[in-house]
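Turn these sequences into a full structure, and let the hints steer you where they fit.
If you want the building blocks of each chain, they are given just below.
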Amino acid sequence: MNFNSASNTDRSLELYVFGENHFEKFHLRSIAELKEKLHPEKKCWLNIHKRNDSTIFHEICQHFEIHPVAFDDIDNLQQRPKLEDFDNFILIVSKMLYTRSDIDQLEVEQVSIAFNKHLIITFQENEYDIFDPIRIRLENPNGKMRKLATDYFVYTLLDTIIDQYYIILELISDQIEKLEDDIISQDKKIELADIYRQRKTLQEIKKNIWPTRELVSAWRKSDSSFVTKKTTPFVNDLYENTVEIIENLEMQRESITTLVEIFMTNISLKQNEVMKTLTIIATIFIPLTFIAGVYGMNFEYMPELGWKYGYVTSWIFFIIVSLVMAIYFKRKKWF
Amino acid sequence: MNFNSASNTDRSLELYVFGENHFEKFHLRSIAELKEKLHPEKKCWLNIHKRNDSTIFHEICQHFEIHPVAFDDIDNLQQRPKLEDFDNFILIVSKMLYTRSDIDQLEVEQVSIAFNKHLIITFQENEYDIFDPIRIRLENPNGKMRKLATDYFVYTLLDTIIDQYYIILELISDQIEKLEDDIISQDKKIELADIYRQRKTLQEIKKNIWPTRELVSAWRKSDSSFVTKKTTPFVNDLYENTVEIIENLEMQRESITTLVEIFMTNISLKQNEVMKTLTIIATIFIPLTFIAGVYGMNFEYMPELGWKYGYVTSWIFFIIVSLVMAIYFKRKKWF
Amino acid sequence: MNFNSASNTDRSLELYVFGENHFEKFHLRSIAELKEKLHPEKKCWLNIHKRNDSTIFHEICQHFEIHPVAFDDIDNLQQRPKLEDFDNFILIVSKMLYTRSDIDQLEVEQVSIAFNKHLIITFQENEYDIFDPIRIRLENPNGKMRKLATDYFVYTLLDTIIDQYYIILELISDQIEKLEDDIISQDKKIELADIYRQRKTLQEIKKNIWPTRELVSAWRKSDSSFVTKKTTPFVNDLYENTVEIIENLEMQRESITTLVEIFMTNISLKQNEVMKTLTIIATIFIPLTFIAGVYGMNFEYMPELGWKYGYVTSWIFFIIVSLVMAIYFKRKKWF
Amino acid sequence: MNFNSASNTDRSLELYVFGENHFEKFHLRSIAELKEKLHPEKKCWLNIHKRNDSTIFHEICQHFEIHPVAFDDIDNLQQRPKLEDFDNFILIVSKMLYTRSDIDQLEVEQVSIAFNKHLIITFQENEYDIFDPIRIRLENPNGKMRKLATDYFVYTLLDTIIDQYYIILELISDQIEKLEDDIISQDKKIELADIYRQRKTLQEIKKNIWPTRELVSAWRKSDSSFVTKKTTPFVNDLYENTVEIIENLEMQRESITTLVEIFMTNISLKQNEVMKTLTIIATIFIPLTFIAGVYGMNFEYMPELGWKYGYVTSWIFFIIVSLVMAIYFKRKKWF
Amino acid sequence: MNFNSASNTDRSLELYVFGENHFEKFHLRSIAELKEKLHPEKKCWLNIHKRNDSTIFHEICQHFEIHPVAFDDIDNLQQRPKLEDFDNFILIVSKMLYTRSDIDQLEVEQVSIAFNKHLIITFQENEYDIFDPIRIRLENPNGKMRKLATDYFVYTLLDTIIDQYYIILELISDQIEKLEDDIISQDKKIELADIYRQRKTLQEIKKNIWPTRELVSAWRKSDSSFVTKKTTPFVNDLYENTVEIIENLEMQRESITTLVEIFMTNISLKQNEVMKTLTIIATIFIPLTFIAGVYGMNFEYMPELGWKYGYVTSWIFFIIVSLVMAIYFKRKKWF
Ligand SMILES: [Mg+2]
Ligand SMILES: [Mg+2]
Ligand SMILES: [Mg+2]
Ligand SMILES: [Mg+2]
Ligand SMILES: [Mg+2]
Ligand SMILES: [Mg+2]
Ligand SMILES: [Mg+2]
Ligand SMILES: [Mg+2]
Ligand SMILES: [Mg+2]
Ligand SMILES: [Mg+2]
Ligand SMILES: [Mg+2]
Ligand SMILES: [Mg+2]
Ligand SMILES: [Mg+2]
Ligand SMILES: [Mg+2]
Ligand SMILES: [Mg+2]
Ligand SMILES: [Mg+2]
Ligand SMILES: [Mg+2]
Ligand SMILES: [Mg+2]
Ligand SMILES: [Mg+2]
Ligand SMILES: [Mg+2]
Ligand SMILES: [Mg+2]
Ligand SMILES: [Mg+2]
Ligand SMILES: [Mg+2]
Ligand SMILES: [Mg+2]
Ligand SMILES: [Mg+2]
Ligand SMILES: [Mg+2]
Ligand SMILES: [Mg+2]
Ligand SMILES: [Mg+2]
Ligand SMILES: [Mg+2]
Ligand SMILES: [Mg+2]
Ligand SMILES: [Mg+2]
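Protein chains in written order, with my numbering: chain A, 1450 to 1784; chain B, 1450 to 1784; chain C, 1450 to 1784; chain D, 1450 to 1784; chain E, 1450 to 1784.
There may be inaccurate statements among the hints.
Where chains are identical, the list cannot tell them apart; a pair therefore holds if satisfied intra-copy or between any two copies.
To be verified - Cross-link-like lysine to aspartate or glutamate pairs, in silico, DMTMM-like; alpha carbons within 25 Å at most:
| hint | residue 1 | residue 2 |
| --- | --- | --- |
| 1 | K1782 | E1626 |
| 2 | K1596 | E1640 |
| 3 | K1779 | E1749 |
| 4 | K1779 | E1689 |
| 5 | K1779 | E1722 |
| 6 | K1655 | E1693 |
| 7 | K1655 | E1753 |
| 8 | K1678 | D1608 |
| 9 | K1474 | E1576 |
| 10 | K1781 | D1536 |
| 11 | K1655 | E1749 |
| 12 | K1655 | E1626 |
| 13 | K1779 | D1631 |
| 14 | K1474 | D1623 |
| 15 | K1781 | D1623 |
| 16 | K1593 | E1699 |
| 17 | K1596 | E1490 |
| 18 | K1679 | D1521 |
| 19 | K1531 | D1608 |
| 20 | K1678 | E1693 |
| 21 | K1679 | E1514 |
Because the hints were derived from the structure by calculation, they are not lab data.
Structure representation (structure tokens):
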């Protein structure tokens, strides 16, 4: 699931100016450059990565008159996903999930989107993102992104983010199924910690997807002028996606609960087997050892000791007792 | 539960044109043929199976102006059941459950239904379906399907699908009861995996029936002109069916939880029995063995060894101790 | 709880015609007879038992113009309790619970009630019912049933049915308390299956009482002209009854969960006791047996064996070790 | 928490007539006396205890035109707490909790309150109640009870009842904390039954406080003319009290769940300790006993037996093996 | 997290009078002084600490006409957080959490805030508080607190209180993670009590944060004239904070449930290990001991005893049996 593309060059300030018959792309270095390139009648997508240079970040928010509360929400990387309607902008805060090498290192990056009639600004934590397919589709002059309003563009961003949740869930689902197989076949030793690691990842997704559903729900109910009617069926679809992810998530969580139960039962079953082994051996040999002990006693008057077949008889006795015991345990299905 | 009928011939493009006094049936091969056969004043049911030839599928959707979002929902076989009102069509996505040989191989097939005043299109995954009774009833000129509007026809489709849920649930219920009997009688060895397999199937049904209830609920509240008043009591009945299936489902799920509890308790009870066996044998013989060991010691001055009745006395002692112990355990109800 | 009364004669078609100053009772044999006896200005209660003769059943429904959906609900004995308003009738489907000999054989019988301004029809599964007190009260010319509208009569039917739920719950509650006493006193051996049998009965009641509450709630909100204002406080009382039954039910269910917990704990406690017995005996005698074994060794040079008080000393040693061990276990409160 | 006051004399029919400048108190014996003493322009509190004489009870209800449904609710001592608005009266049914000697004998007494503009009637099960502070405050001519409307008086009754819930909860909370300390310190032996007794009391409170909240909520929403605006903030406060009691209750219930968990864990931990003791003793001595047994064998050719230091060597061996084992178990932190 | 500042001098009656171009600070000693200093056209913050002198407290409430119910809420330190709109004041009761030395001693202090257009009164339990940053920001003439209405000031107070919840949760989260590491690594011995202590603290926070959310929600819906439009986005942000705290809290509670599960599993796993050790040792040596016992018997006719290699053979037998057993247990993965 690596989306490492060579084209991931400098994007600290990336600007796309586009319209039905128009497409321009800039890599900017200063706020002055930005002001110059913005086009008041075209749609503009401004993407800010690597927020090291907080001066530029501040200047941009000031220039576009981002409300201080919105500014804090963008700046605070622990912000819960949400949609809030400020007068001049709609602010969407979302969480982009992705994995760099394997699922155990799930990365969560906050992506804030502020948009109005003409402008979409995306604020990311770092340079890496999963929006390359969008960049490519944007160059296609017949694509819906070029023709429809800015909210359709925002929809494609969110759709890309939410589709990634499916992929992550699929990966976890595979790992849970593998754990399930390993536990049931008992070939490989499973640690409870392996199971709980998956649970933690699911908890992380849950924490982000529930407010994302609220976010999309708020979009559907929004009466902002930045929300257009043509985008409605797409947002409805987005909503269905979040519902479906939540349901899949809950099923995975149930599967994990089941896994833990099986794990626990296996411990009990193994202990049962251990106890049976001990009991079978001990209950067979302890009485025999007692009898051997009896004829090891040094009493002067012990008539059996003088018998010719005393020793043979005792062996016959030993063998019969063992067999009877073994049959008894077999009948009780202990082995 | 096999509905394999010999009449299941080629249905890649099946068309029924019908009205109160009209009934025609066609097996088409091309979109051109279709256009020719459609009747603008009769009701038409177009059933598309085996979507191998995706060109025809695309052409049909284009011809009937299916919205791209609806097209995606039909095309994506992981779509969650739902009802959505597009302007020219109402789209219903549902999941048809059936079993080919036994319940452990529950098949789930997506059936999408798009309908308006005159046309019902059903999109299936493969040729097999459970709609043969509907095909037969359609030939009856006095049936409600011939007289009432298209939504009544869609109702019969959904009703057939939902009735199948009852049958599947009944099968699972029987298997759970069998497991219950086996566990309580302890005749047959039950594996936890047997129980969890049923749980998985219930989870699969749950995943599909909850959104189906929402679907029917949306139908009841719909203000579309394709929804007629005469069908209302039937849709209400459908809704009650989904509610009842959900309640049965939850009862089955509770039963399975109970089964797991009994399973676990049985493990504990068996372990208890094993431990008691070991303890009875060990606590009876260990002290006796000690006494035998004592008179096996080689001290020079051990007066008992010279006694005439020493050996007999020790046997009497052994037997009395064993009996006292046995009575003690009997009193404690250990065996 | 047997309501077997000698008067339970033939009731396959029972008709009561009554008004403030009027009371007649008929046992009919045909639909023709029925048509003749019905009185358009009095209130009529038609009770249909033993639906063996399905022709009569069909004819009656046809004669009173029962909607096909309502007919199916009455005919299908697995119908969930509900109230539905058809134009010419209000249909109530309810479940009558009763026990013939003991609680383990809880009987559930579906009673459907269709009523309008003048007519109440009750459809039962079999001849037996719990409505005898109503039959008697109906003969009292000063009773409310004679004076108030048909909905008051329907209220008395439902009230009788719901009161029976209390009685059943009371019986189960007594049995649960008995199980509780038996488990805590540990006099009688309780099987987990005894507990689960009660749980199943509670589940059966739950399945029926929840929709019954919805039914009564729907009645309260009904704007049908067959629902009169004077009956309102009685229906409110009925609603309170269903709520109270549900709460009692949930308390009983909680009690059963507690019972299972105590049952499980008792298993653990008993196992603990078993293990302690084994451990005490084994840890006391195993070291002693070792010592006895040592002096049973046949080394030529073992000075202790020649000592005069060697044997006595070893006994003193055995006794001291045993006492020390016993005191240790006593201090640890193992016995 | 005994409120035994010497003034608890005969109260089978107690009447208070009061107003801003008026206060009279009567102990009546007959309905005739009552009719005479009632004052149509003052506020009257009629308190009926010890309902042995059911004739008087019936006469009073008839005289004040209590609706038959209300009469049943008052008469049925299993009535769920509720507020219901009849035309001439508001009926409140509440449950008064109190303890006579210790918490394990929680008493629940039904107190029904019927009131209108001028009259408050309280129906109690027995003579004892917790309203003495109200009787005293009523004598104070400057108290709000004398100045405000009858609903304020009813508020003080309910407030007194609900405050008692706090006290009971506090008592249980103390006992739970004591159980918690005893379990954790393990000084005193706790039985599971001790814990469940508290759970039962909490369940009893829960059963009564939830409908009491609904009752107060219904009061807040009431549009009856007997409910005055000046009492509103007091009723709001009452509502908050019920919410707080419910939250405390849930916290206590959670604490009990935790207690049970700790109890269970302690059983497991003790069993672990028992098993470790057994295992340490057995695994140390069983191999030694084997060696002793070997040199107790009677083979003619056993060279070690003739060695001078054979016996000493075997003791050295015994001691070394014991020490190695002991160190091994110590390292594994088994003791 | 100690906020001990040297400036925490006498604050039994602290008054701030401020406006856009105005700032005064007083430490008062009497109600007379207070009346003199209050400014009818500026905003005033009156902070009452250390309510030892209840006379002043009463006088102030009387002077500002605090409703008796509000007075009780402020006075009762067990009051549940809430917002209530009295006519002349809005009353907010909140709980300030802080830790003095370590998390195990979480302090909860009730802070009641009464405010209207011109006046904010804060009632604290004791002198210590976490409002020093607010005192400092108040001196800044360009701060929002100086420019916006009193409700913004109240917002900053609540915001400071709620931010502290985050810090406390963070601390607990760290401790839970430490417990998790300790349990999984099994280096340090964890007691169940350590886990439950964290659970109790979370329960304490839960008890306070849920009603705080209701409080903020009530603020959002308030139509009081003391609530200004400019403060709305800040209160929305506050609401989001409470939601986020609740979600974090629930995640921590889930983590603790998981911890308890792992703890329990570890007990089982350890017991399993103990049992295996016992079983391996016992099942290897018990049969050997039996054989040694056999050749310790004193039968006169035991041919093996006379064999030259009898003793050596028996040792070979002992070793082979041990090895076979060891391989068997190794194969079963018992060690
Ligand atoms: Mg924020
Ligand atoms: Mg982030
Ligand atoms: Mg939320
Ligand atoms: Mg979906
Ligand atoms: Mg669901
Ligand atoms: Mg679920
Ligand atoms: Mg879709
Ligand atoms: Mg499918
Ligand atoms: Mg859903
Ligand atoms: Mg139904
Ligand atoms: Mg239900
Ligand atoms: Mg259920
Ligand atoms: Mg039906
Ligand atoms: Mg029935
Ligand atoms: Mg329902
Ligand atoms: Mg009730
Ligand atoms: Mg309840
Ligand atoms: Mg509950
Ligand atoms: Mg009642
Ligand atoms: Mg009572
Ligand atoms: Mg309730
Ligand atoms: Mg309160
Ligand atoms: Mg609350
Ligand atoms: Mg709670
Ligand atoms: Mg709960
Ligand atoms: Mg209060
Ligand atoms: Mg406080
Ligand atoms: Mg709460
Ligand atoms: Mg937030
Ligand atoms: Mg959540
Ligand atoms: Mg949660």
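Cross-check of the supplied hints:
no. : hint            : result
1   : K1782 <-> E1626 : between (32 Å within a copy, 24 Å between copies)
2   : K1596 <-> E1640 : neither (54 Å within a copy, 60 Å between copies)
3   : K1779 <-> E1749 : neither (41 Å within a copy, 36 Å between copies)
4   : K1779 <-> E1689 : neither (57 Å within a copy, 53 Å between copies)
5   : K1779 <-> E1722 : both (14 Å within a copy, 15 Å between copies)
6   : K1655 <-> E1693 : both (12 Å within a copy, 13 Å between copies)
7   : K1655 <-> E1753 : neither (78 Å within a copy, 73 Å between copies)
8   : K1678 <-> D1608 : within (18 Å within a copy, 34 Å between copies)
9   : K1474 <-> E1576 : within (17 Å within a copy, 50 Å between copies)
10  : K1781 <-> D1536 : neither (78 Å within a copy, 67 Å between copies)
11  : K1655 <-> E1749 : neither (82 Å within a copy, 78 Å between copies)
12  : K1655 <-> E1626 : both (19 Å within a copy, 19 Å between copies)
13  : K1779 <-> D1631 : between (29 Å within a copy, 20 Å between copies)
14  : K1474 <-> D1623 : neither (40 Å within a copy, 45 Å between copies)
15  : K1781 <-> D1623 : neither (40 Å within a copy, 29 Å between copies)
16  : K1593 <-> E1699 : neither (34 Å within a copy, 42 Å between copies)
17  : K1596 <-> E1490 : within (14 Å within a copy, 37 Å between copies)
18  : K1679 <-> D1521 : between (32 Å within a copy, 16 Å between copies)
19  : K1531 <-> D1608 : both (15 Å within a copy, 19 Å between copies)
20  : K1678 <-> E1693 : within (24 Å within a copy, 32 Å between copies)
21  : K1679 <-> E1514 : between (28 Å within a copy, 16 Å between copies)
The structure shown violates the earlier hints numbered 2, 3, 4, 7, 10, 11, 14, 15 and 16.
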